[in-house]
Amino acid sequence: GAGVSQSPSNKVTEKGKDVELRCDPISGHTALYWYRQSLGQGLEFLIYFQGNSAPDKSGLPSDRFSAERTGGSVSTLTIQRTQQEDSAVYLCASSFYGNTIYFGEGSWLTVV
Amino acid sequence: DAKTTQPPSMDCAEGRAANLPCNHSTISGNEYVYWYRQIHSQGPQYIIHGLKNNETNEMASLIITEDRKSSTLILPHATLRDTAVYYCIVRVDEDSSYKLIFGSGTRLLVRP
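So the protein sequences, as listed, match chains H and D.
In terms of the working numbering, the first sequence opens at residue 1 and continues consecutively.
In terms of the working numbering, the second sequence opens at residue 1001 and continues consecutively.
One chain only, chain H, in its complex shape (with noise of 0.2 Å):
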């Protein structure tokens, strides 16, 4: 596609259950960004895939949450045993190495 897809759009999820959120990176892109926003809050940096580089995973905040990115393309963001304060909205980017860099539109997560 022509941006950052991301998927699901929006997930209500229960507390204590686990979710995946999926990012499709511009085609080519070889850094992909994970950030995170609270309801009227900034982004928060979780974590970054660089090629087959060693993730920057320094922006995660518990062992709760862990990514991977397959075949360096898609990623996938896991979060176990969500949390209400997990409820936010997750902001997948790409770029190509230092360049600009693009955001998806985001998946919405509701913790009940």
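Rather than coming from a laboratory, the hints here were simulated on the basis of the structure.
The model shown is predicted, which means the values in this text are computed figures rather than measured ones.
We put the beta carbon where it would ideally sit given N, CA and C, even for glycine.
Do not rely on the hints blindly, as some may be mistaken.
A few chain D positions that, by computed beta-carbon distances, are all more than 10 Å from chain H [unchecked claim]: (1) Asp1082; (2) Gly1105; (3) Val1110.
Okay, the calculated bits of chain H under chain D, using three or more residues with CB under 8 Å as the criterion [as the list claims (entries may be wrong)]: (4) 25-39; (5) 45-56; (6) 97-107.
Facing chain H, a subset of chain D residues (Cβ under 8 Å, in silico) [as the list claims (entries may be wrong)]: (7) Cys1012; (8) Arg1016; (9) Ile1039; (10) His1040; (11) Pro1044; (12) His1049; (13) Gly1050; (14) Asn1053; (15) Thr1056; (16) Met1059; (17) Tyr1098; (18) Phe1102; (19) Gly1103; (20) Ser1104.
Since the structure of chain H is provided, determine the placement of chain D on it from the hints.
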């Protein structure tokens, strides 16, 4: 932590120029200044970026001071659709990690 300082809010009249300031006094010589905006919790939209020269594109102009310690984003003829949160970001480049660290941004309100 974000390396930029922006006023929390500004307003301007429709049709007039909007000038959004940003301080980045600790910027390094090889760090770029990026501007993004976010409209009503959509994914952040790239506007413009620069290193040391002034830049202009179809959306905006970016004026960077000679010492690179501050910059101004100019929307030449603001419209109601330009109402958004504007983020000024210095691009971190640590061990080839090109992630963006977002601050609080400036909430711009364009008045009819």
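Hint by hint, here is what the structure shows:
no.	hint	verdict
1	Asp1082	holds (18 Å)
2	Gly1105	violated (7 Å)
3	Val1110	holds (20 Å)
4	25-39	holds (count 4)
5	45-56	holds (count 5)
6	97-107	holds (count 9)
7	Cys1012	violated (22 Å)
8	Arg1016	violated (27 Å)
9	Ile1039	violated (11 Å)
10	His1040	violated (11 Å)
11	Pro1044	holds (5 Å)
12	His1049	holds (7 Å)
13	Gly1050	violated (12 Å)
14	Asn1053	violated (17 Å)
15	Thr1056	violated (16 Å)
16	Met1059	violated (13 Å)
17	Tyr1098	holds (4 Å)
18	Phe1102	holds (4 Å)
19	Gly1103	holds (7 Å)
20	Ser1104	holds (6 Å)
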